[in-house]
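Model the full assembly from the supplied sequences, consistent with the hints where possible.
Protein chains: 2
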Amino acid sequence: MPLAKDLESYFAANQNRARDELFDLLRIPSVSARSEHNADTARAADWVANSMRAIGLTATIHPTKGHPIVVGEWRQAKPGAQTVLIYGHYDVQPAEPLELWDSPPFEPTIRDGKIFARGSVDDKGQLYLHIKALEAHLATRGTLPMNVIVLAEGEEEVGSENLEQFIASHEDLLTCDSVVISDSAMFAPGLPSILSSLRGLAYFEINVQGPAGDLHSGSYGGAVMNPAMALARILATMHDADGHIAIPGFYDKVRDWGAKARDEIRALPFDDEHFREETGSPSLFGEKGYSTLERVWMRPTCEVNGLLSGYTGEGAKTVLPAKAMAKVSCRLVPDQTPDEIEKLMRAHVASVSPPGVQVTVTQLHGGRPWRADLDGPLFDAARRALRAAFDKEPVVTGEGGSIPVVGDFQRILGTPVLLVGFGLPGENAHAPNEWMSVENYEKGMRAMAGLWEELGRA
Amino acid sequence: MPLAKDLESYFAANQNRARDELFDLLRIPSVSARSEHNADTARAADWVANSMRAIGLTATIHPTKGHPIVVGEWRQAKPGAQTVLIYGHYDVQPAEPLELWDSPPFEPTIRDGKIFARGSVDDKGQLYLHIKALEAHLATRGTLPMNVIVLAEGEEEVGSENLEQFIASHEDLLTCDSVVISDSAMFAPGLPSILSSLRGLAYFEINVQGPAGDLHSGSYGGAVMNPAMALARILATMHDADGHIAIPGFYDKVRDWGAKARDEIRALPFDDEHFREETGSPSLFGEKGYSTLERVWMRPTCEVNGLLSGYTGEGAKTVLPAKAMAKVSCRLVPDQTPDEIEKLMRAHVASVSPPGVQVTVTQLHGGRPWRADLDGPLFDAARRALRAAFDKEPVVTGEGGSIPVVGDFQRILGTPVLLVGFGLPGENAHAPNEWMSVENYEKGMRAMAGLWEELGRA
Numbered sequence: 261m262p263l264a265k266d267l268e269s270y271f272a273a274n275q276n277r278a279r280d281e282l283f284d285l286l287r288i289p290s291v292s293a294r295s296e297h298n299a300d301t302a303r304a305a306d307w308v309a310n311s312m313r314a315i316g317l318t319a320t321i322h323p324t325k326g327h328p329i330v331v332g333e334w335r336q337a338k339p340g341a342q343t344v345l346i347y348g349h350y351d352v353q354p355a356e357p358l359e360l361w362d363s364p365p366f367e368p369t370i371r372d373g374k375i376f377a378r379g380s381v382d383d384k385g386q387l388y389l390h391i392k393a394l395e396a397h398l399a400t401r402g403t404l405p406m407n408v409i410v411l412a413e414g415e416e417e418v419g420s421e422n423l424e425q426f427i428a429s430h431e432d433l434l435t436c437d438s439v440v441i442s443d444s445a446m447f448a449p450g451l452p453s454i455l456s457s458l459r460g461l462a463y464f465e466i467n468v469q470g471p472a473g474d475l476h477s478g479s480y481g482g483a484v485m486n487p488a489m490a491l492a493r494i495l496a497t498m499h500d501a502d503g504h505i506a507i508p509g510f511y512d513k514v515r516d517w518g519a520k521a522r523d524e525i526r527a528l529p530f531d532d533e534h535f536r537e538e539t540g541s542p543s544l545f546g547e548k549g550y551s552t553l554e555r556v557w558m559r560p561t562c563e564v565n566g567l568l569s570g571y572t573g574e575g576a577k578t579v580l581p582a583k584a585m586a587k588v589s590c591r592l593v594p595d596q597t598p599d600e601i602e603k604l605m606r607a608h609v610a611s612v613s614p615p616g617v618q619v620t621v622t623q624l625h626g627g628r629p630w631r632a633d634l635d636g637p638l639f640d641a642a643r644r645a646l647r648a649a650f651d652k653e654p655v656v657t658g659e660g661g662s663i664p665v666v667g668d669f670q671r672i673l674g675t676p677v678l679l680v681g682f683g684l685p686g687e688n689a690h691a692p693n694e695w696m697s698v699e700n701y702e703k704g705m706r707a708m709a710g711l712w713e714e715l716g717r718a
Numbered sequence: 261m262p263l264a265k266d267l268e269s270y271f272a273a274n275q276n277r278a279r280d281e282l283f284d285l286l287r288i289p290s291v292s293a294r295s296e297h298n299a300d301t302a303r304a305a306d307w308v309a310n311s312m313r314a315i316g317l318t319a320t321i322h323p324t325k326g327h328p329i330v331v332g333e334w335r336q337a338k339p340g341a342q343t344v345l346i347y348g349h350y351d352v353q354p355a356e357p358l359e360l361w362d363s364p365p366f367e368p369t370i371r372d373g374k375i376f377a378r379g380s381v382d383d384k385g386q387l388y389l390h391i392k393a394l395e396a397h398l399a400t401r402g403t404l405p406m407n408v409i410v411l412a413e414g415e416e417e418v419g420s421e422n423l424e425q426f427i428a429s430h431e432d433l434l435t436c437d438s439v440v441i442s443d444s445a446m447f448a449p450g451l452p453s454i455l456s457s458l459r460g461l462a463y464f465e466i467n468v469q470g471p472a473g474d475l476h477s478g479s480y481g482g483a484v485m486n487p488a489m490a491l492a493r494i495l496a497t498m499h500d501a502d503g504h505i506a507i508p509g510f511y512d513k514v515r516d517w518g519a520k521a522r523d524e525i526r527a528l529p530f531d532d533e534h535f536r537e538e539t540g541s542p543s544l545f546g547e548k549g550y551s552t553l554e555r556v557w558m559r560p561t562c563e564v565n566g567l568l569s570g571y572t573g574e575g576a577k578t579v580l581p582a583k584a585m586a587k588v589s590c591r592l593v594p595d596q597t598p599d600e601i602e603k604l605m606r607a608h609v610a611s612v613s614p615p616g617v618q619v620t621v622t623q624l625h626g627g628r629p630w631r632a633d634l635d636g637p638l639f640d641a642a643r644r645a646l647r648a649a650f651d652k653e654p655v656v657t658g659e660g661g662s663i664p665v666v667g668d669f670q671r672i673l674g675t676p677v678l679l680v681g682f683g684l685p686g687e688n689a690h691a692p693n694e695w696m697s698v699e700n701y702e703k704g705m706r707a708m709a710g711l712w713e714e715l716g717r718a
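Residue numbers (this note's numbering), protein chains in the order written: chain A, 261 to 718; chain B, 261 to 718.
Derived from the structure by calculation, the hints contain no laboratory data. One or more hints might be untrue.
[As the list claims (entries may be wrong)] In silico EDC-like pairs for lysine to aspartate or glutamate, Cα to Cα no more than 20 angstroms straight-line:
no., chain 1, residue 1, chain 2, residue 2
1, A, LYS325, A, GLU424
2, A, LYS583, B, GLU574
3, B, LYS583, A, GLU465
4, A, LYS548, A, ASP523
5, A, LYS577, B, GLU602
6, A, LYS583, B, GLU538
7, B, LYS577, A, ASP599
8, B, LYS583, A, GLU537
9, A, LYS583, B, GLU537
10, B, LYS583, A, GLU574
11, A, LYS652, A, ASP640
12, B, LYS577, A, GLU465
13, A, LYS583, B, GLU465
14, A, LYS577, B, GLU465
15, B, LYS583, A, GLU538
16, B, LYS577, A, GLU421
17, A, LYS325, A, ASP306
18, A, LYS577, B, ASP599
19, A, LYS577, B, GLU421
20, B, LYS577, A, GLU602
Structure below.
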């Protein structure tokens, strides 16, 4: 169903203002990683709070140990209405290297239908289109079909270190029926996308200790186990030749994605050769029986992230190293957990460790995988709203990486999370010349206004 | 047969002088690695040349691009006599760290029957006992049973960089029937030893290139080959579980040591647990079917000397590395050659390299293995002379490392090389508190005087 005429008229009439306001926000260099920008980051928080107040929300700036969290609220929906929490972030990545920008990073500029500015797509543009969508409802109708909480944090680019604690200690404030996040990209231009899955992470360090100190490889070589060779032998047992992970029990908890989801992935316009070019690898390689997108989105991995042993400088040094180290991490999929994978990893490494060395496994970092249950009124409403705004059936996508806050929301608040993003491939989110498509900024606010109308109707 | 009485009497009468003269040489800090000691090194060369002249040799100091080579000669033996080349070096290792020396490194001091000084055993004491052995013959009898060339170089501790070239360009000067070198240790106190083998070396760098640059392990992990994992898989194919090297053809050229040599090795007083403690390894490990000494002396190896890939700092970084590097070296035994092993290594790595990466193998360094043919008049004479001097049957030992000059002599001059050393285990050759046993200094010169007498008789 197309967007209601009053909302559409409002968006059309206020198009320039919505863009100008976003430009004001983009001009604030709220770089959370740089303490010299602390005042800018605080200014951005104020700006966002004021923009919420301007459309009729109450807004509170909550200090944290780091940058503040802004929470806007509107709770005047009719009894029985749902409560939706919209999450976004007002901080941005550093802009360096500045010389690679074609226009100044904090002076938004439109070229070729793209708004170039640091933070345009990540995430100021995507946060502000939500505020503009709420404004359209409140300005034209004086009300919203649901209660709404808008949470804008200022530390997403530095690990959201204070967010989990904030959510856990403000459950009453944040209680809701669903969470909506726009901080991702559409699969392709013109193709509205719902992000349905994120992989988790179990990150280990494996240390192999052989001799007490480095030995001369001539005087001792052949009589003691070489710890670097031992490490290589351990790592080599982690996959079979078909790219399956050979750690016993590793796949036991992997939930079947289902034929429908796999069909949807295979129907996406995706070109292996283009992807290969992007990586620069001589050829693609992955688990037998799965396509590239399936390998990245729905299958777990076991990767070496780092190796170090012995002499690594120029030329030849005949050292028999005392020790060897590998950083090894597994990307996880539902229902794997970092703790279970740690147990399996430990047991496997112990079972394949050769004699003559001592091997330790330490878990450095862990995060749970996430997958949306795409059935339910929120997702149905989102599909309809996206279809209406983009005139195209939305696709369901996955993401091989992690967005830890998604798991935090789902776990602490116990609500479904809808990830609907309006970025685009090549948007340079953490690179020079970051941009957001003007069209997606406009259509994104219409899609979200439509979502709330659809949700109110459901 | 015991040493002739005239020689024995001469040694007894001149014992203190032989020691005092050595102390003079030890007081010269001829550290070849330190340019601030260049004058000292030149002074040591002069001192050695003069000590040759003092006993009746002619001596020439040959300049090189580095430190000079001293060549002493005595060619007045009766017609048909053999010509022997004695090799040693007058340069020493740096003495640092000085604070760990119990007496000053360049002020020789006797404690517990040991001469403590930098260079005492490596190699000034072992070089000078040869000069004293020649002196005993010349002083008591006015002649020697053979022609003799004494070559003393000043760059042994910095890689003998100019020696091979000097030998090759002075073949006429250096032509001889045998080479004798005393720059090694006896297997145990009181146990005279002939060093019969040295391992060679083929040193490689293996580079694995995957993606063009480091990738995010979330966004790409699972879809491209991980170069560090690929490297581990390659390295893991190099041995089987029994410690045999699994590179096809690797052992094809390995000469059978023979039952007698193995029996001799097994008869040596050797304690695995003591050796293990020395390494600090949790347990010993090596090729099945061979003892520790056999593994180090007579079997080739394949070792990882270094590993480097991706992120190796503290904590977790989810990088999928673009590349991975291993330094891999093989200790070789006769009749393996570095060039053949390079071919086998290349072919093997190519055959086991997984898809999705490019793998290159570069040889960085190579050296041939060496094994003495222990039959022949020189070795028989050495056995008899050692037995007489130490009142004990000499043992035949091996060495897992390399002494490149041995191969150079044998190859360029085409002569057998006798390695007969008078150091001892624990002598701290390259460490603080280097020492040489007073007893071995005395018995060494008697053994060498006896050797020349035996050789003249043969």
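Okay, the hints, checked on the actual structure:
1. For the hint pairing A/LYS325 with A/GLU424, the CA-to-CA distance comes to about 13 angstroms; that is within 20 angstroms, so the pair holds.
2. At roughly 16 angstroms between alpha-carbon atoms, A/LYS583 and B/GLU574 fall within 20 angstroms of each other, so this suggested pair holds.
3. For the hint pairing B/LYS583 with A/GLU465, the CA-to-CA distance comes to about 19 angstroms; that is within 20 angstroms, so the pair holds.
4. With a C-alpha separation of about 17 angstroms, the suggested pair A/LYS548 and A/ASP523 falls inside the 20 angstroms cut-off, and the hint holds.
5. Proximity of A/LYS577 to B/GLU602 is assessed by CA-CA distance (about 17 angstroms); at most 20 angstroms being required, the pair is judged to hold.
6. Our distance criterion of 20 angstroms between C-alpha atoms is met by A/LYS583 and B/GLU538, whose separation comes to about 16 angstroms.
7. In summary, the hint linking B/LYS577 to A/ASP599 is supported, as the alpha carbons are separated by about 19 angstroms, within the 20 angstroms threshold.
8. For the given pair, B/LYS583 sits about 17 angstroms from A/GLU537 by alpha-carbon distance, which is consistent with the 20 angstroms threshold.
9. A distance of roughly 17 angstroms separates the Cα atoms of A/LYS583 and B/GLU537; the hinted pair therefore holds under the 20 angstroms criterion.
10. Only pairs whose Cα atoms come within 20 angstroms are accepted, and B/LYS583 paired with A/GLU574 is accepted, the gap being roughly 16 angstroms.
11. Pair hint A/LYS652 plus A/ASP640 holds up; C-alpha atoms about 15 angstroms apart against a cutoff of 20 angstroms.
12. Using a Cα cut-off of 20 angstroms, the hinted pair B/LYS577 and A/GLU465 holds, with the two alpha carbons roughly 11 angstroms apart.
13. A hinted pair counts as satisfied when its Cα atoms are at most 20 angstroms apart, and A/LYS583 with B/GLU465 qualifies at roughly 19 angstroms.
14. For the hint pairing A/LYS577 with B/GLU465, the CA-to-CA distance comes to about 11 angstroms; that is within 20 angstroms, so the pair holds.
15. For the proposed pair B/LYS583 and A/GLU538, the alpha carbon gap of about 16 angstroms is at most 20 angstroms, so the pair holds.
16. This hinted pair checks out: B/LYS577 and A/GLU421 have alpha carbons roughly 16 angstroms apart, not beyond 20 angstroms.
17. Restraint check for A/LYS325 and A/ASP306: the C-alpha separation of about 17 angstroms stays at or below 20 angstroms, so the hint holds.
18. Distance check on the hinted pair: A/LYS577 and B/ASP599 sit about 19 angstroms apart at the alpha-carbon level, within 20 angstroms; holds.
19. For the proposed pair A/LYS577 and B/GLU421, the alpha carbon gap of about 17 angstroms is at most 20 angstroms, so the pair holds.
20. Among the hinted pairs, B/LYS577 with A/GLU602 is consistent with the structure: their alpha-carbon atoms are about 17 angstroms apart, no more than 20 angstroms.
No hint from the list above goes unmet by this structure.
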